[in-house]
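*Asks:* Next come the chains, spelled out residue by residue.
Protein chains: 2
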Amino acid sequence: MDDQRVISKLNNLGNKILEDIRLGEGPRIRMPQRGIGNIIFNERENILELGEKTSTRSFLNVAHSRKFMQTILIASKCKEFVSRGKTASIRELYYQLKHTIPGTKENTFEDQSESDPLIVDLETALGVLREELHLKADDKGTLIGKITIEDSGDFIDCSKLGRSGLSIPSIVEHYKFHDVQAEYVLVIETGAMFDRLVEEKYHIKNNCIMVATKGQAARGCRRLVHRLHHELKLPVIMFTDGDPWGYYIYSVMKAGSMALAHESKRLGTPGMKLVGMTMTDIDTYGLEKVTEKLKDVDKRRINELLQYPWFQKKEWKKELNLMIKKGVRIEQQALASKSLEFVAEEYLPEKISKGIMLP
Amino acid sequence: MDDQRVISKLNNLGNKILEDIRLGEGPRIRMPQRGIGNIIFNERENILELGEKTSTRSFLNVAHSRKFMQTILIASKCKEFVSRGKTASIRELYYQLKHTIPGTKENTFEDQSESDPLIVDLETALGVLREELHLKADDKGTLIGKITIEDSGDFIDCSKLGRSGLSIPSIVEHYKFHDVQAEYVLVIETGAMFDRLVEEKYHIKNNCIMVATKGQAARGCRRLVHRLHHELKLPVIMFTDGDPWGYYIYSVMKAGSMALAHESKRLGTPGMKLVGMTMTDIDTYGLEKVTEKLKDVDKRRINELLQYPWFQKKEWKKELNLMIKKGVRIEQQALASKSLEFVAEEYLPEKISKGIMLP
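Chains as they are written, first to last, in my numbering: chain Z, 1 to 359; chain C, 360 to 718.
Calculated directly from the structure, the hints in this document are not laboratory data. Incorrect hints may appear among the rest.
[Claimed, not checked] In the DSSO-like style, the derived pairs of lysine-lysine whose C-alpha atoms are separated by at most 30 Å in a straight line are:
| no. | chain 1 | residue 1 | chain 2 | residue 2 |
| --- | --- | --- | --- | --- |
| 1 | Z | Lys-86 | C | Lys-436 |
| 2 | C | Lys-564 | Z | Lys-105 |
| 3 | Z | Lys-160 | C | Lys-464 |
| 4 | Z | Lys-293 | C | Lys-464 |
| 5 | Z | Lys-201 | C | Lys-535 |
| 6 | C | Lys-592 | Z | Lys-326 |
| 7 | Z | Lys-176 | C | Lys-564 |
| 8 | Z | Lys-160 | C | Lys-652 |
| 9 | Z | Lys-293 | C | Lys-535 |
| 10 | Z | Lys-105 | C | Lys-697 |
| 11 | Z | Lys-265 | Z | Lys-295 |
| 12 | C | Lys-464 | Z | Lys-86 |
| 13 | Z | Lys-205 | C | Lys-519 |
| 14 | Z | Lys-86 | C | Lys-505 |
[Claimed, not checked] Some chain Z residues well away from chain C (every beta-carbon gap over 12 Å; in silico):
| no. | residue |
| --- | --- |
| 15 | Glu-25 |
| 16 | Asp-111 |
| 17 | Asp-139 |
| 18 | Thr-142 |
| 19 | Leu-305 |
| 20 | Lys-326 |
| 21 | Ser-337 |
| 22 | Pro-349 |
| 23 | Pro-359 |
C-beta: ideal position from N, C-alpha, C; glycine also.
Model the full assembly from the supplied sequences, consistent with the hints where possible.
*Replies:* The structure is reproduced here in structure tokens:
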């Protein structure tokens, strides 16, 4: 969505409130409900999304009026950011808006915990991402491989970044893609495994783009993978640890999260698949010796995953139940027990070429 | 240190043990003690280092023999890594070495917590960094600015990386520096402030290299800043939050840490200075409204810093005592309360040009 459309959405919000006032009505903002009762797993599209239920914030409702005022302040400041071509972190937004209301002892905001949820409200009310409102989250993640990214006038050949790679920023809306020679995107959970594959020149030999999420993926990383998949039609394959935490990171990349269900369509990549680590790998590759016993916290998490609608596919139920039965987890780096090169020269090429992946 | 010298140090260790055996003596390894009693703050060089006390690990001492065996296994595997031009994460090292000793039920290692401290032992015994043994830690941090880095045959112009920047890897020993136009290095604690300064083109307008540590700096990031300072003679200025946590991140970058005192000389940058945030800034720039009250945990941490020999300079004692007196902390991003551009257009240029910095 371009800046002009975002500004026009913000203007509409303001005009609607002015109209309420002109009509002598209490100003109101309507937005989708974000509670668990309105979060739906769309099985056809493989994505978490918000349902039809809405709620209304009214200026003249005493319980709402402070939040109403704060929401409008945020909308107004975002309009300024977008108009001026500036971006700000959600913390900077808070600091920019925090002040004492003249003639009172009332502060607009006492704490960032007041402004953060209202940003989400504004995103859902307007149907825009916070990045489109020019608000930044923390950034994390690295990219390397056969693609040239145009960023603010610079053309970055991501296959010519040595072993270092490109630091993925929090906002990637401005990225333009050129000279895409890669055939797929490999998303890797741990920085250490990304380093291993870079050292083995996996991205060169296998003609792909590699992205390290370094744990739970940051929004910029999710959005970038989404764009690579949807705009360039590149298949996306993820490679995580074989434990409930790795699988959940995968599911958020793929289908979105409950907390941010309104954003799954812009951040999620429902078409992606998981190459490993799986419980089946343990037998296939003889890795019993390098598994680790499940802790209670792991077991609880597996049982939670088994409840989620998006883990109801038979392949996933089989893997998760096998994990409980074996009582072990396995890390990506455990493949080093075979040899350092094993993951790059045998494990990944074999599984990917044969399509041995989880949905 | 080049690979050949590291291999020769590893060979010497092995030959010494062979000699012990030939002489009919129990094989021993001597290494500096790393306990608090042997950690010294070198005031002249402004750096934490290990003293002269050593300890000995003997194969024939039952309490030592398992560790002795493990140390030798690690040394031998590192020699293999270096000889083959491979690097490995400390987790991969563990997985590569974990096996059952033939004819017994004894595993070489049960857990990575057994191998990690022995890596440090080997570093201190040989006087080499783990990166020189081709072992990787986690990577974190981003660099942007007027320098070209040669990495594995690629020449990366770090002023042409849009708003993204270079992802700093865990090992930077192989980096070669070219075409350095920057006049200094600005090291920034938070990713959000780094983003702000990138957006304001601070590095272009002020002709510097900017490095984001993103919290406590990773080893690769510390080593890179060390190299930029010592090899290129670039002044280094750090910019952290105004709280004991930010100041400690600074002190580790500058003087090293107690846990890794043996590495300060290779990772630390004793010549660096801190531009802010300081308690004095609060009065100078009228930031009272955007400070935050100290929590008990902050107060305890300040009192700990006040005990450390490397915080005994009068400027630091003044700042830390002022923090206790005011009872507040202040974040880098609080400068956004003036304007988004304030930090880049006024705060940093003014303080740096006037040299208003802490030692």
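*Asks:* Which of the listed hints are not met by the structure?
*Replies:* 1, 2, 3, 6, 8, 9, 11, 12, 16, 17, 18, 21
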